[in-house]
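Novice: Chain H: place on chain Y using the hints.
Here's the letter readout for the chains.
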Amino acid sequence: MIGKGILKGMMETARNLTGSFHDPERLTTVSYPEEKIPAKENARNFPFLVYDGDDWESGLRCVSCQICEKECPPQCIYIEKDTQKKADFLGKLQFQPKVFDIDVSVCMGCQICVEVCPFESIRMDRDFEYAKSDRFEGLLLHKEQLAKSNKYYHQIHPTEATETDAIREGKRQDHLAKERAKAEKLAQAKEAASKSQSKEPNKE
Amino acid sequence: MNSAQATPSSDKAQAGPMFESKTSDQAPSLDGTERMEVSMGPHHPSTHGVFRMDVELEGETVVKLKPVFGYLHRNHEKIAEGTSYLGSMPYTDRLDYFNSMTNNWAYALSVEKLAGIEVPERAEYIRVITAELSRLQNHVCLIGFLVQDMGALGTPLMYAFRERERILDLFESLTGARMMCNYMRFGGCRCDVTPAWLRQAHQVTEAFPRFLDEFEALLSENEVLLSRSQGVGALGQDLAIAAGVTGPMLRATGVNYDLRKADAYGIYNRFNFRVPLGSHGDVFDRYMIRILEMRESIAILRQAIRDIPDGDYVHPKAKLRGFKPPMGEAYGRIEAPKGELGFYLISDGSPKPYRFKVRPPSFINLTILEDMCLGQTVADAVIILGSVDIVLGEVDR
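So the protein lines, in turn, are chains Y and H. -14 is the number of the first residue of the first sequence in this note's numbering; add one for each residue after it. -18 is the number of the first residue of the second sequence in this note's numbering; add one for each residue after it.
Warning: the hint list may mix true and false statements.
[As the list claims (entries may be wrong)] Keeping only pairs whose Cα atoms sit at most 35 angstroms apart, straight-line, the calculated DSBU-like set for lysine-lysine is:
(1) H:LYS45 to H:LYS94
(2) H:LYS300 to Y:LYS133
(3) Y:LYS71 to Y:LYS83
(4) Y:LYS55 to Y:LYS133
(5) H:LYS59 to Y:LYS55
(6) H:LYS94 to H:LYS338
(7) H:LYS94 to Y:LYS77
(8) H:LYS305 to Y:LYS163
(9) Y:LYS133 to H:LYS298
(10) Y:LYS70 to Y:LYS180
(11) Y:LYS136 to H:LYS298
(12) Y:LYS70 to H:LYS45
(13) Y:LYS163 to H:LYS298
(14) Y:LYS70 to Y:LYS55
(15) H:LYS298 to Y:LYS25
Everything labelled a hint here was simulated from the structure, so no lab data went into it. Quick caveat: nothing in here was measured; it's all calculated off a predicted structure.
The following block holds chain Y by itself, in its conformation from the complex (with noise of 0.2 angstroms):
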C-alpha cells in the first residue's frame, strides 16, 4: 500500500515528539545563555599561564625556555626574555618572561604547548566566551590575562592539577634530595679537608 512507509515515519515523529516533552534522552538541547550545560573535565580550548601562591608575577611558573613557542604549529605564541631572572618554586633563579603573547585568534587549541612544556606551566583553559568587538588587540592575550591561578587550575581541571601537583611535589623531593646529599658531600668533605689539615702539622 502506497503510503505506508511515510505513516510509518510519521509515528516516530510522532513517539519523538511527545516524548519531548518527558524523556531527557529525546530533548537534548538547552536554552542557552540561560541554562548551560555543565563543562568536561578535559575539556579545552585556549591556553593559560599557571602560577602559585597569590601574586601571578612572582609566582609564574613559566621560565620562557621557548619551547612552546617553538614547538607551537600555527606558531601563535611570542616570548621575549627578561634578564632579570627569578627564583622558582625550589629557589634556583630562572628566567621568566617579560612579554608573553597568544594571539587566540590564531591559536587551534590543539594542546601541543601543554604537552612539551617540561615546567607545567602552560595549561589549557575551558573558558569559551571570548568574543571581543577588537579582533587585532582584543584577542591577543598577554601574560597578565594569560596568567592564572593554580586554584582556578584545580577548579577546571580537578585530576589533571592534582597529578600536576605530584608531579612538581616529586620534583622539589628529588631537589631536595639532591641537596642534602650535596650538603652531605660538601660536609664529609670539609671534615676531611680538616682532618687532613689537622693531620698535616702532626706530621711536620
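Specialist: Chain H alone, transformed into the frame defined by chain Y:
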C-alpha cells in the same frame, strides 16, 4: 596631477573587457529551446560546503556537469612540509572535520610505518573504538544530510545530530575537544581511557541500535525516499574501480573491498564483522550500505570494548619532541568512513617531512560526479552529490 593619475587606469580600461562574454557553441535543440548553464554554488546550501557545480541543462536534464573545487584550499600539504611531524597532527583534524579520529589514525599509521614504531595493544584497541565511534557519527550525519537534500527539512537531520552529540560528548570527555580531537600520537594515543569512559562508551553503543531501528522506521520504507533514490545516480562496477572510488561508494556497486578486511591494519583481524555490499550502485544502495555499516560498527565496538586489555596507551619509548624518522618513504592507509584515506610521506632524516601527500577519499570519489549525473534531473544531481559523502575540508585541503 589628476590627469597623471587618471592616465594609467584609462589605458587599462581601453585594453579590453576583463571578462569575455561566453557565447554558447551549442546549436539550439530540436524543440527550439537553448541549453542553459547554471552555476550551482559555491554558496548553494545543497553543496555541503564551498563547492560549485557548473551544470548545463537541457530542460531539466543534466547534459554536462563540471565540478569546480578549491575554494577551501588551505595549503595543508605545504604547511606540513614546514612543520615537525607532530605539528601536522592537529592539521589532519581539519581535513575531514567530521572524523578527526580516523584522520589522526591514518597519519599516525604512516609515520609509524616510516619510523618503525610499535603500537601497544591497548592503544590499538582504543584506536579501533574511537574510529568506529567516529564512523557511526559520520554515517548517521551523512544520512541526515542526504534526506535533507531530498526535501526532508530538518527532522531526520535533527535526530541524527542528537545521536551524534552523544558520541561527540564521549570524544570531548576523552580528548577535550568535540571535533578537533588531536588524539593519536606516534606509537599510541595521547591519554588513556578511564573505566568510566569505557562504561559510557558501552552505554552509547548499546543504545545506538534502538535509534537505528527508529531511524530506519522513519526512512527506509518511506515511499518518497524510495522513489527519489532507487535507480538514481547508478554507478557501474568497472567505472568505479577505474576511477579509484573507495569506501561505501565502491561497496554500493558490489565490489567487496574494505581495507579493514583487505589490509587488516591495526588489529581488525581480531574482530568478527561483515562487509555489507550493494548491487545497483544507486543512491538507495549508498544509503542502505551506510545503515548496514553502522550495524557492523556496533558489532566491532561491542567486541573491542569487551576485550580491551590493560597496558600502555602509548609506546614507552615514543618521543614527543625531537622526533626524527630515518630516511625513507611510507604510505599508510586506513578505511576512513568516506573511503581509503592515505598519507604518503618521504623523509630525508630531518625533523620535517620532505614530502607530505594526502590521498583524500572524498576528493577522488567526487571526480566521477559527472558520470553519475548525466541524464538525471537537477534535483537528482543534488542528491547524487549528497550520497557521495564529501567534506570540502578534505576535498580542497
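Novice: Hints first: check each against the structure and report whether it holds.
Specialist: Structure-based check of all given hints:
1. As the CA atoms of LYS45 of chain H and LYS94 of chain H are separated by approximately 43 angstroms, the hinted pair breaks the 35 angstroms bound.
2. Taken as a hint, the LYS300 of chain H and LYS133 of chain Y pair is honoured in the structure, with Cα atoms around 29 angstroms apart against an allowance of 35 angstroms.
3. Annotation: proposed proximity of LYS71 of chain Y to LYS83 of chain Y holds, straight-line Cα distance about 12 angstroms (limit 35 angstroms).
4. A hinted pair counts as satisfied when its Cα atoms are at most 35 angstroms apart, and LYS55 of chain Y with LYS133 of chain Y qualifies at roughly 23 angstroms.
5. The suggested pairing of LYS59 of chain H with LYS55 of chain Y holds, with an alpha-carbon distance near 18 angstroms, which does not exceed 35 angstroms.
6. A C-alpha spacing of about 15 angstroms is found between LYS94 of chain H and LYS338 of chain H, which places the hinted pair at or below 35 angstroms, so the restraint holds.
7. Distance hint between LYS94 of chain H and LYS77 of chain Y is unfulfilled; the C-alpha atoms sit about 43 angstroms from each other, more than 35 angstroms.
8. At roughly 33 angstroms between alpha-carbon atoms, LYS305 of chain H and LYS163 of chain Y fall within 35 angstroms of each other, so this suggested pair holds.
9. A distance of roughly 33 angstroms separates the Cα atoms of LYS133 of chain Y and LYS298 of chain H; the hinted pair therefore holds under the 35 angstroms criterion.
10. A C-alpha spacing of about 39 angstroms is found between LYS70 of chain Y and LYS180 of chain Y, which places the hinted pair above 35 angstroms, so the restraint is violated.
11. Only pairs whose Cα atoms come within 35 angstroms are accepted, and LYS136 of chain Y paired with LYS298 of chain H is accepted, the gap being roughly 33 angstroms.
12. Distance hint between LYS70 of chain Y and LYS45 of chain H is unfulfilled; the C-alpha atoms sit about 70 angstroms from each other, more than 35 angstroms.
13. Among the hinted pairs, LYS163 of chain Y with LYS298 of chain H is consistent with the structure: their alpha-carbon atoms are about 27 angstroms apart, no more than 35 angstroms.
14. With a C-alpha separation of about 22 angstroms, the suggested pairing of LYS70 of chain Y with LYS55 of chain Y holds against the 35 angstroms cut-off.
15. Of the pairs offered as hints, the one joining LYS298 of chain H and LYS25 of chain Y holds, with about 30 angstroms between alpha carbons and a cut-off of 35 angstroms not exceeded.
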